[in-house]
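In terms of this note's numbering, the sequence shown is residues 18 to 926.
What the hints contain is simulated information worked out from the structure, not anything from laboratory work.
Restricting the straight-line Cα-Cα distance to at most 25 angstroms, the calculated cross-link-like pairs of lysine-lysine (PhoX-like) are: (1) K432 x K399; (2) K389 x K399; (3) K496 x K575; (4) K624 x K649; (5) K283 x K343; (6) K121 x K258; (7) K104 x K154; (8) K649 x K636; (9) K399 x K426; (10) K525 x K78; (11) K427 x K389; (12) K389 x K500; (13) K649 x K579; (14) K291 x K255; (15) K562 x K847; (16) K525 x K255; (17) K618 x K427.
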Amino acid sequence: MAKKIVLILLGVLLMGCIVWILWRVNEREQGSDVPKEAFIPNNSAVVLNVRANVSLSPRLKEAFATEWANYQKSIFYRSIDTLQKLKLTENTSWVLALRREGKKSVRFLYILNRVPAASRSEVIRFLADYYAKSGLKERSYDKFKIYSLRDKETEVYFAVVGGMVLLSDSELYLEDALKQIGEDKKNDPESIPVYKNITRYFSETAGMNIFLNTSCFSDVWPLYMSRNVVSPRLDLTKWFKWGALDGEIQSDGIGFNGFMYYGGMKATFLNVFKGQQPMASRIEGVIPSGVNAVTVLNLSDTRAYLTALETFRHKAGIIEHARKRKSEFTRLFGEEVEASWRELLQGEFAKGVFSYDPENKEEEGFVMVYLKSGSLGRALLKNMLGNYAVKVNINEASLERTTALDQEKKVAYYKMPVTDFAGVLWGYIWDGVPSRFAMIQDNYLILASSESVIRRFAENYMRRLNVQDMDWYKKTRVKMSAKYNWMYLAETGSMYPFYRDMANDGLKDFLTQNKERLDVFSSFGLQWISEDEMLYQSVFLNTEKVEQPPAQVVWQTKLDAKLTMKPVVVVNHNNGERELFVQDDSRTVYLINDMGRILWKLPIDGKINSEVYQVDFYKNGKLQYLFSTSEKLYLIDRNGNYLPRYPLAFKSSCPSGITVYDYDNDRNYRVFAPCADRKIYLYELSGDLVEGWSQPQSDNDPVSKVYYFRVADKDYIVFADRYRIYILDRRGRERVKVQTLYDLLQGTVIYLTGKEQNESLVFGSAGGELQFVDFNGASRSLKPDKITAGYLFNVADTDGDGNDDFIFSNGEHVYVYDRNGKVLWETGVKEGRLGFPYVYRFSARDTRVGTLDESHSELYLLDKGSQSNGFPITGTSAFSIVFQNTGKVGFYLYVGSENDSLLKYRFIR
18 MAKKIVLILL
28 GVLLMGCIVW
38 ILWRVNEREQ
48 GSDVPKEAFI
58 PNNSAVVLNV
68 RANVSLSPRL
78 KEAFATEWAN
88 YQKSIFYRSI
98 DTLQKLKLTE
108 NTSWVLALRR
118 EGKKSVRFLY
128 ILNRVPAASR
138 SEVIRFLADY
148 YAKSGLKERS
158 YDKFKIYSLR
168 DKETEVYFAV
178 VGGMVLLSDS
188 ELYLEDALKQ
198 IGEDKKNDPE
208 SIPVYKNITR
218 YFSETAGMNI
228 FLNTSCFSDV
238 WPLYMSRNVV
248 SPRLDLTKWF
258 KWGALDGEIQ
268 SDGIGFNGFM
278 YYGGMKATFL
288 NVFKGQQPMA
298 SRIEGVIPSG
308 VNAVTVLNLS
318 DTRAYLTALE
328 TFRHKAGIIE
338 HARKRKSEFT
348 RLFGEEVEAS
358 WRELLQGEFA
368 KGVFSYDPEN
378 KEEEGFVMVY
388 LKSGSLGRAL
398 LKNMLGNYAV
408 KVNINEASLE
418 RTTALDQEKK
428 VAYYKMPVTD
438 FAGVLWGYIW
448 DGVPSRFAMI
458 QDNYLILASS
468 ESVIRRFAEN
478 YMRRLNVQDM
488 DWYKKTRVKM
498 SAKYNWMYLA
508 ETGSMYPFYR
518 DMANDGLKDF
528 LTQNKERLDV
538 FSSFGLQWIS
548 EDEMLYQSVF
558 LNTEKVEQPP
568 AQVVWQTKLD
578 AKLTMKPVVV
588 VNHNNGEREL
598 FVQDDSRTVY
608 LINDMGRILW
618 KLPIDGKINS
628 EVYQVDFYKN
638 GKLQYLFSTS
648 EKLYLIDRNG
658 NYLPRYPLAF
668 KSSCPSGITV
678 YDYDNDRNYR
688 VFAPCADRKI
698 YLYELSGDLV
708 EGWSQPQSDN
718 DPVSKVYYFR
728 VADKDYIVFA
738 DRYRIYILDR
748 RGRERVKVQT
758 LYDLLQGTVI
768 YLTGKEQNES
778 LVFGSAGGEL
788 QFVDFNGASR
798 SLKPDKITAG
808 YLFNVADTDG
818 DGNDDFIFSN
828 GEHVYVYDRN
838 GKVLWETGVK
848 EGRLGFPYVY
858 RFSARDTRVG
868 TLDESHSELY
878 LLDKGSQSNG
888 FPITGTSAFS
898 IVFQNTGKVG
908 FYLYVGSEND
918 SLLKYRFIR
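Please model the complete structure; the sequences and the hints are all you need to start from.
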């Protein structure tokens, strides 16, 4: 009996399993083996595939917190999110498609994979329960069921087909998705919808994949942006057939890479790129800084480009305008103008935009054209304008202009009679910047929108200030390829008026109302590389903050190498103006005027190890520059020429460097050179050794420069070796015998401190002790409690009490002690490596300490331990300060920067 019951139960169980299996098969329906991409209607404009590991960066979440919160409240998000959380659908990836419906509506379709263990009825039942208040409506469509839910004013339609869940805000869009699958199976089991194999264009490792269909450009783009965003005569919506991009949301921005296809489109502008090889740009390296948008075109075959350009114009129906304008150019400028310029083209073009004027719909900027010969280009330009002057019966000189960059440098430029020169001859992509003025700089033709642009270009070009050194440019350019055919980079905040002006309807309102949020995108980059009938495309929206200088940069001048030397402020003996003498790390010395123009540069054989002295060799009021390296003594005039006998080789190397003194201010200079043979040599400016100098010799290698002090009407010559201090008279004989032995380091600096009747020498020893020696030879020491080996040392009255204080930089810290060893103030920089503590006197009672943190390339100006306003700033050298003529209004600061430049800052006090 029991056995019979067991058999009955097993039979019932088996029957139940069979019924359940049949039910599950029925639940899955046909199409369960169809990929979700196959449901995408063929007329979808954009298809986005998003993987589960994609999330917004913290900066993006913060910027769009309100929009994200509103989206999370939408019926779409809540449905998808809850289905995934309940594991009714997979969260590995989902597809979003969109298309245009009607005149101005964009509709969306979400496609999600149903979890295999979840039945169709479970998904339907969940959505019905979740939106119970709204009421679930059901209707049949072919062999499928379409369900609708309403949440306030939003109505959502969904269907569960095989292994997929489809949701849309358009019933028609959902029907098209279902109809596509039905037709596919009914007509031909082997046929596939357009998007079924879309994944072959995508990388499986990318966080996002985007497919752009033709209708993306023809239907959707015009809803949001102008067709003529590139140029009034170029319709962007006719450029592409389709595109496939892989995307990633990174910590510093959003990037996309992939292909844009234009094959078979005869009237697309992109045909001009066919056959062009990607190139590394030379023109990019000379585009001046200050621009907020840059467009660069690189061509491997200029003639092929120009031929393809004319073919495009013909097929696009815009050839007549170009022909008429070229005919007018011939009439105004003479025969063969176009051909003559064509022969000079190197194949590189650039456009730089400083700003955009929405009222006139015009860009303030320039077009740059790289020429094979600047001199031939200048001659051609002058010949053109000469012909024009004759044609319209004006004086040719009326078209000529000059602008003075400083008292010695002028630049010539010309007024252009036509404003569309570049666009007509070389492509309408150069429209937007009217060519009202023209200039030749080296081998570059510059067509500018205004005279202020000409001057700005010339000033920055003269100083070698390059856009590649701008923070926004560097952070975006690094995401692009080194070789390319076309590139656009922009600082989005500065170009915001342009983007808003190019936007249509709703997008324009969105941009206007959300500028602050959109500022999270600091810069934008787009690059194309030609490959057959495709363009490899890179897009990057940068979310890194652009570093803005804390003070006003007056100018920036590019050097050949990094500047780590403290800039030396010198005087122009011709006009009394300031100039800068510097040496970069490639051992080249420069004289730069106070407008930032390099007057000359001269390579020398070593690093300067002394001060740079201005001396009057001929005693005629004209000054020269005197300095040393370890091997030679240099004397250079203001034009960068050596004086006779210079450079002069030392008798022995001079590692400590020279010092120069004019005892009686009569221009009879004395040049002291402590050399490695332990002798102290004394030179005249002529290069001869001074007669009567005894040429004293130290017991050990000298470790300091030679110093001259006048105390109580007596002259003292002082220097140090490894263990001793030497105090001599003007003939080099020992004047004061110092018996004490010290432990001194190379680079020991000796100061005179104290007041009259109580003056003494002070210097530091290796262990951090201060050593005092008076002029009777008596010595004493003071050990500041926090100073350790490796310190740097200076002396100045920092608090205005009339007494010297002792200033130390010691690794991460700056300490200031009074004469009794009491700490007046201290400050520190974590993990810093602070350089020499220079002293800057702002007034009798305002003395500050400046130093370079070499670890972080930051400059500090310390006022009793606190940072001065505007500091720290970045820099690679110690800095020099010059006060404005207006007294307490502010000061100028000169310093080296990371991009191999010398900067002049203006600080307002």
